[in-house]
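Trainee: Single-letter residue listing:
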Amino acid sequence: MTNATGSPTAAGGVTSANPATAYLDAASGEPLHPAAREVLLAALDAGWADPLRLHGPGRNARLLLDNAREVVGSLLGARPDEVTFTSSGTAAVHLGVLGLLLGRVRVSRRLLHSAVEHSAVFAAARWWQAVHDGTAAPVAVQHGGRLDVDRLTRLLAGEEAGVVAVQAANPEVGTLQPLDDVVAAAGDVPVFVDACAAVGHTDLPPGWSAAAASAHKWGGPAGVGVLLVRKSARWRAPYPTDDRTDPRVSGFENVPAALAAAAALQAVLAERDEVADRQRRLVAKVRTEVPRLVEDVEVVGEPDERLPHVVTFSCLYVDGEALVTELDRLGFGVASGSACTASTLRPSHVLEAMGVLTHGNVRLSLSRTTTAADVDRFLAALPGVVAGLRSRGAVS
Amino acid sequence: MSAPDLDLDCRGLRCPLPIIKLGNGIGDVPVGGTVGVVAEDPAARTDVPAWCRMRGQEYLGEETAPDGLPRYLVRRLR
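From first to last, the protein sequence lines are chains A and B.
Using this note's numbering, the first residue of the first sequence is number 1, and each one after it goes up by one.
Using this note's numbering, the first residue of the second sequence is number 397, and each one after it goes up by one.
One thing to keep in mind: the hints can contain errors.
Only some residues are given here: those of chain A computed to face chain B with a beta carbon under 8 angstroms [to be verified]:
(1) D296
(2) L316
(3) Y317
(4) D319
(5) P347
(6) L351
(7) G355
(8) V356
(9) L357
(10) G360
(11) G393
Computed beta-carbon distance windows for the label pairs [said to hold, decoys possible]:
(12) G77(A) - L465(B): 50 to 56 angstroms
(13) R474(B) - D150(A): 30 to 36 angstroms
(14) D328(A) - G457(B): 36 to 42 angstroms
(15) W48(A) - L465(B): 58 to 64 angstroms
(16) L473(B) - E271(A): 46 to 52 angstroms
(17) R407(B) - S250(A): 47 to 53 angstroms
(18) D405(B) - S250(A): 52 to 58 angstroms
(19) G207(A) - D424(B): 53 to 59 angstroms
(20) Y239(A) - D424(B): 57 to 63 angstroms
(21) G77(A) - R474(B): 50 to 56 angstroms
(22) G452(B) - A372(A): 31 to 37 angstroms
(23) D405(B) - T371(A): 44 to 50 angstroms
These are calculated hints, taken from the structure and not from any lab test.
All C-beta atoms, glycine included, are put in the ideal place defined by N, C-alpha and C.
Let's have the full structure, built from the sequences with the hints guiding it.
Mentor: Below, the structure is given as structure tokens:
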């Protein structure tokens with residue numbers, strides 16, 4: 001956003017005409033936690049220098065960076081030297097998957113991953129095949145989106161694997177994966193866990209060799225990913241590195257943002273039980289009420305083994321993009337896994353792998369400040385929106 | 397299998413239009429009759445079986461139309 005003189009400004013921008021806007025897309029980005037804002041502003045003043053330098057300002061920045069590593073590590077069950085800050089959750093996924101694979105090339109070049117992984121894992125898998133001459137195979141999921149562990153076990157018994165990649169929770173439908181069972185099934189094969197959707201909302205079970213998380217999904221600033229790599233894991237950098245503070249990444253660290261991400265995680269986990277309880281009640285209400293209020297709706301994802309704040313459903317005969325646009329017009333910010341636009345012809349690979357309706361999809365993800373009144377207003381508005389769109393399509 | 401009782405040409409249509417055509421067309425065959433949906437939209441491969449599950453109809457499977465596009469077959473149960 002720029003003003004008339006061309007200098008950057010945050011003023012203006014797109015605003016909703018409706019004052020009753022309810023942001024229900026926290027799984028795409030949780031609003032910055034107040035604790036993160038406070039720390040970010042302070043750290044911009046105290047942590048701007050190069051943490052590699054030995055002068056006072058440099059040592060200050062290094063102190064803040066080490067502190068961020070220590071806090072994030074202790075909250076996620078990792079040592080400080082197992083924590084790397086990256087430029088995004090996606091970058092952390094790429095580094096985690098490819099680094100573990102490279103550490104195992106003597107044993108196997110074969111990647112197994114669930115069919116409902118984030119597109120970042122699929123991108124890493126394509127890269128692995130194209131650049132490193134490896135192989136990759138998706139593992140089927142059940143109707144609710146849970147990985148079929150028996151199938152994984154059979155695949156592992158059939159041929160040695162390099163890495164098994166399974167997410168902690170699915171960002172589109174909220175289903176938690178049976179990570180303990182996956183780790184047990186994997187045995188000696190290192191497990192990569194994409195925990196981007198889960199961290200800040202559920203526990204990260206141990207057993208991973210590498211894992212990834214994303215700060216803006218828990219109320220930290222965007223542009224901060226977290227890569228965790230066990231000291232015991234064989235991990236080799238897939239991209240060039242340098243001799244700065246962290247051997248797994250390169251370049252000048254964003255120290256203030258890393259510290260703000262740590263502060264947000266600490267604050268979010270301190271209030272998590274209370275927030276998650278409230279979110280669970282509201283999500284349960286949506287899951288019960290939507291099929292009661294709207295005909296021909298399928299609520300998707302596991303009913304119980306799920307993230308507290310995410311709920312997804314699909315409406316027959318309705319274009320998902322039209323639903324998102326119409327709900328936005330009424331002041332509700334939601335996401336959709338449907339792809340009915342000219343730019344993305346393929347439907348969501350997650351909904352496809354689960355075998356559930358891919359069109360008319362709506363994902364609500366509640367932020368820590370979403371209220372019962374927000375959800376009630378959404379439930380009051382939805383039937384009219386769906387009926388209006390269906391009457392345009394005119395199914396008798 | 398023999399030709400369906402009703403063949404719906406959904407070539408060039410994107411989701412959810414093939415499913416809307418199916419929802420409208422199913423009433424044009426008697427109970428026990430079959431409907432074919434010929435669609436190039438990849439979403440139809442998931443959405444036709446999902447529609448059958450949600451609407452209590454039977455999904456019979458997929459075959460290939462003469463022009464090479466998939467035809468999804470449905471039997472009306474109610």
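Trainee: Give a verdict on every hint.
Mentor: We went through each hint and held it up to the structure:
At a threshold of 8 angstroms, the smallest CB-CB gap from D296(A) to chain B is about 6 angstroms, leaving the interface hint in force. Contact between L316(A) and chain B, as hinted, is supported at the beta carbon level, the nearest pair being about 6 angstroms apart and thus within 8 angstroms. Contact between Y317(A) and chain B, as hinted, is supported at the beta carbon level, the nearest pair being about 5 angstroms apart and thus within 8 angstroms. About 6 angstroms separates the beta-carbon of D319(A) from the nearest beta-carbon of chain B, less than 8 angstroms, and the hint is met.
At its closest, the beta carbon of P347(A) sits 4 angstroms from a beta carbon of chain B; the interface hint therefore holds under the 8 angstroms criterion. Look at L351(A): its Cβ gets to within about 7 angstroms of chain B, closer than 8 angstroms, so that hint holds up. Hint status for G355(A) relative to chain B: holds, with the closest Cβ pair at about 6 angstroms, below 8 angstroms. With a cut of 8 angstroms, the hint placing V356(A) at the interface with chain B holds, because the nearest CB-to-CB distance is about 6 angstroms.
Against a cut-off of 8 angstroms between C-beta atoms, the interface hint on L357(A) holds, since the closest Cβ of chain B lies about 4 angstroms away. Annotation: interface hint on G360(A) holds; nearest CB of chain B at approximately 6 angstroms, less than 8 angstroms. With 8 angstroms as the threshold, the beta carbon of G393(A) comes within range of chain B, its nearest partner Cβ sitting at about 5 angstroms, so the hint holds. For G77(A) paired with L465(B), a C-beta distance near 51 angstroms keeps the hint of 50 to 56 angstroms intact.
Here the CB-CB span from R474(B) to D150(A) is close to 34 angstroms, well matched to the stated 30 to 36 angstroms. Between D328(A) and G457(B), the C-beta spacing of about 39 angstroms keeps the proposed range 36 to 42 angstroms intact. Distance hint check: the CB atoms of W48(A) and L465(B) are about 60 angstroms apart, consistent with the given range 58 to 64 angstroms. Here the CB-CB span from L473(B) to E271(A) is close to 50 angstroms, well matched to the stated 46 to 52 angstroms.
Roughly 50 angstroms separates the CB atoms of R407(B) and S250(A), a value that falls within the hinted 47 to 53 angstroms. The hinted window of 52 to 58 angstroms between D405(B) and S250(A) holds, with their beta carbons roughly 55 angstroms apart. The hint said 53 to 59 angstroms for the Cβ distance between G207(A) and D424(B), and at roughly 55 angstroms that hint holds. At about 58 angstroms, the beta-carbon gap between Y239(A) and D424(B) stays in the expected band of 57 to 63 angstroms.
The hint said 50 to 56 angstroms for the Cβ distance between G77(A) and R474(B), and at roughly 53 angstroms that hint holds. Range check, G452(B) to A372(A): about 34 angstroms between beta-carbon atoms, so the 31 to 37 angstroms window is met. About 48 angstroms separates the C-beta atoms of D405(B) and T371(A), a value consistent with the hinted range of 44 to 50 angstroms.
Checked against the numbered hints above, the structure violates none of them.
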